[in-house]
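Chemist: Using the hints provided, position chain B relative to the given structure of chain A.
So the protein lines, in turn, are chains A and B.
The numbers in numbering that gives the first Met the number 0 rise by one with no breaks, and the one at position 112 of the first sequence is 111.
The numbers in numbering that gives the first Met the number 0 rise by one with no breaks, and the one at position 61 of the second sequence is 60.
No lab work stands behind these hints, which were simulated from the structure alone.
Warning: the hint list may mix true and false statements.
For identical chains, the list gives no copy identity; a pair is met inside one copy or between any two copies.
Simulated pairs of lysine to any residue, SDA-like, Cα-Cα distance not exceeding 25 Å [stated by the list, open to error]: (1) Lys49 x Thr7; (2) Lys98 x Arg81; (3) Lys98 x Cys67; (4) Lys25 x Glu92; (5) Lys2 x Asn78; (6) Lys98 x Asp24; (7) Lys49 x Ser11; (8) Lys112 x Pro79; (9) Lys43 x Ile56; (10) Lys1 x Arg63; (11) Lys1 x Phe37; (12) Lys2 x Leu61.
2 protein chains.
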Amino acid sequence: MKKLPQSTALRSSCPIATALDILGDKWTLLLIRDIGLFGRHRYKDFQESKENMPSNILATRLARMVKCGLLEKRPYQNNPPRYDYHLTSRSEELVPLVKSLAMWSAKHVSGVKIPAGRTS
Amino acid sequence: MKKLPQSTALRSSCPIATALDILGDKWTLLLIRDIGLFGRHRYKDFQESKENMPSNILATRLARMVKCGLLEKRPYQNNPPRYDYHLTSRSEELVPLVKSLAMWSAKHVSGVKIPAGRTS
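Looking at chain A on its own, in the form it has when it is part of the complex (with noise of 0.2 Å):
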């Protein structure tokens, strides 16, 4: 997969600034969590997330990631054309990260879990 383009990197050359720049709003990471832990694929199975992503803030982040190569958007059904959505190999990286992250929180949050089955 190409690299992405210098212009990325919006506040500086450091790739922890870059990276947060690419994936740090709360709703980037949850999508990889949707597709990548629990199995959603389609526009709608988003919509159900049980943290009500605004409509117009989930279009968007699904364009914009398609557009980083976090995601690849695929036609499942040709008439209407439907399409759903599926980690690329960029995104499948940063599902050990969103893993420490789950562990982290269940660890310091009172009353947060990880869901039986979530952990491996």
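Modeler: Just chain B now, kept in the frame of chain A:
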């Protein structure tokens, strides 16, 4: 260290969403980078970071991070009183995750590199 209250989970009790509610803006993890990886501890050090964090955002984030147990504020001078900021055990655990983010964007974004001596 006492767990954060259940109300910290803003959008749902999902541990990933909760971690992103605590950490998922573009500045919080950069402050963990500044302190944990770059050895910066004072307000003016943070202001000198090349991302030019706006002063009002910096003050708000530092206060919020102290409240969430991510930073400890320590006096380093009495007259006039001056404080610096240190990671806690809770935020020390996030340093490997910050490094993973760095490795990810160094791999995927042109021109973004891990500075020498920052990988270990």
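Chemist: Against which earlier hints does the structure fall short, listed by number upward?
Modeler: 2, 5, 8 and 11
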